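A.B. asks: The primary structure of each chain is shown beneath.
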Amino acid sequence: MEAIATECLTKYYGKILALDDLNLKIETGHCVGLLGPNGAGKSTTIKILCNLIWPTKGKAYINGHDAIKESTKALRYVGAMVETPEFYSYLTPNEVLSYIGKLRGMTTQGLKLGIAKVLETVKLSEWANTKIAKFSRGMKQRLGIAQVLLHDPPVLILDEPSLGLDPRGMYEIREVIKTVISEGRTIFLASHMLREVQEVCDSIALVDKGKLLVYDRIENLEKIFKATKIQVQLLNPLEPKLVARIEKLQNVQAVAAEAKELSISFKGSEVEQAQLLAMLVKDFDVPVVSFRTSLEALEEVYLQLVKEGN
Amino acid sequence: MAKKEDGMSDLTQIGIVTRYELLKHMRRRRVYAVLVIAAVLALIQITVRWALNAFPLRATEWASEFFGSLIFIIIIVGTFFAGDAIVSEFEQKTGYIIFTNPVKRVSLVAGKFVAALVSSLLPVVVYYLIGTGALVGIYGLVPVEIAASFAYAILYLCVVLGFTFLFSAILKGSMGATLLSFFMFLLILTTVSSVISLTDSEPWYLPNFAGGMITQVINPLKDTVTKIPNSSLTVYTFYPKFPISIIVLVVYFVATLVLSMWITQRKQMA
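Here the protein sequences line up with chains G and B, keeping their order. Position 274 of the first sequence, counted from 1, bears residue number 274 in the numbering used here, the numbering being contiguous throughout. Position 82 of the second sequence, counted from 1, bears residue number 82 in the numbering used here, the numbering being contiguous throughout.
Because the hints were derived from the structure by calculation, they are not lab data. As the structure is a prediction and not an experimental result, all values here were calculated from the model. Be aware that a few hints might be false.
[What the hints assert, rightly or not] Below are the BS3-like pairs computed for lysine-lysine, each with C-alpha atoms no more than 25 Å apart in a straight line: (1) B/K267 to G/K69; (2) B/K241 to G/K57; (3) B/K227 to G/K140; (4) G/K134 to G/K123; (5) G/K112 to G/K123; (6) G/K102 to B/K93; (7) G/K102 to B/K104; (8) G/K123 to B/K93; (9) B/K267 to G/K15; (10) G/K131 to B/K267; (11) B/K227 to G/K69; (12) G/K59 to B/K172; (13) G/K15 to B/K222; (14) G/K69 to G/K57; (15) G/K69 to B/K104; (16) G/K178 to G/K209; (17) B/K267 to G/K57; (18) G/K140 to B/K241; (19) G/K117 to G/K102; (20) G/K134 to B/K267; (21) B/K104 to G/K59; (22) G/K73 to B/K172; (23) B/K93 to G/K73; (24) G/K69 to B/K93.
[To be verified] Simulated restraints on C-beta separations: (25) B/Q92 to G/E183: 41 to 51 Å; (26) B/L129 to G/E70: 42 to 52 Å; (27) B/Q265 to G/Q109: 50 to 60 Å; (28) B/Q92 to G/N220: 37 to 47 Å; (29) G/A116 to B/I244: 52 to 62 Å; (30) G/K211 to B/Q92: 27 to 37 Å; (31) G/M1 to B/A147: 54 to 64 Å; (32) B/G68 to G/E70: 45 to 55 Å; (33) G/A116 to B/M26: 58 to 68 Å; (34) B/L129 to G/A133: 31 to 41 Å.
Idealized CB from N, CA, C, for every residue including glycine.
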């Protein structure tokens, strides 16, 4: 059974088509990123799943329960964060989490332990008894993540989870999400941040103008649409002759060198990537500081698909 | 009440919502503000009468006058506590947090209503306590009709809350819902019932007219027809009657509350 499924999901706001016949199936234990430009239908999809709005046509399911007709059953499995969360400003994080936990039927003991744990996870422990009215946007975002995790839901629905966070906060939230994934939970994450999606998700559903353009595993998308881009940081700049030799290597399509950085367009498997790295270090004596797949590949896929969609 | 699979009933959830809504009213200090208003209004009325030494002979006559001001207090506190009850979840976007939990919106509205009723009832109780205390002090007795008046006051408060909840469910702003309800009870309905009375028709079906039972039950007055001398003008004065006023109030209360629940259930949070 899929953790999340949509069937012919369509939503009109007046005459504006926000979601056009969306069919999506997310298997349990997977992390799927919902990617798309502004107005693509990401939030609309998430809001339908969370019973905040209703589709004009089609169905949405969470763990087999109709998200609209059996919303209370469906939402029992879900921890959701929609848009930038706003909390009751007169409450403290302890109180707001108690409120939500109690509504979900958590016991007093479970709540005590759970609240301490999630506040620790999102680094808000020392603010546990401070009124939320005094919180910054980033702190509210962290509290939003805390309320998502509080009841240990098997399905997490997150709308731009690191929006408003500083780089360290973004990193911490991504680490939290990775931990959650390693626990076998399902994550449906809407984001416009390619790096975030590439780092935490195993698959991408790309939407534009309410239409699903593509839905596949990230590595498949990169294979289908473009050669992988590899970013190599160097200790010293390379001589042009050496760059030309690298360009002639098997599976290498192009090489761009700039100061202490090499950008290699590469078409090959992960094993072949490893062989390339070994060759650079051993055979060419290249002083490699770091070697990683670039985000550009995914970015190109994204831009190409959105362009084609238009 | 339906029991959920995980053992949590709707009633339990209503209780939880009520508790946290009460906490909201306490934290915002509105409860204390209206308690002070009610106490000050009551004490002013007693002090002025005492200073002028102008208390009526009958206890029921004074009680009827004294509790007449309560209608104004009920309108203030009712709109005060209910104006933002539903609309604020949409306006301030807190609904994104609360509506994504496995709780029926009907339960949320019910919990909010109970909290608003309890909070609004406090100043009403204070007003009655001061009034009955004054009755004992001045007349040495408390007419039994005061209990019936209190019951009518609760019912009228429910109607005010019901209408305010309805406006809170329909409108997009807390201020709009509060002001509309306030002016509807204070001006619009009062004007409409006066105009209807002028045409020799009893506005028994209007909630503010039925709410007049709060004082009518203490000191019953009969309908009158007064011809203005040297004029063709005739003034008709009607008073609410038992039991039709109870039926009218109950119908308005149930209808507005159910309607506000229905609208909230169907309201989308785009």
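A.B. asks: When the structure is checked against the list of hints, which entries are broken? Sort them ascending.
C.D. replies: 2, 3, 10, 11, 12, 13, 16, 18, 20, 22, 25, 27, 33
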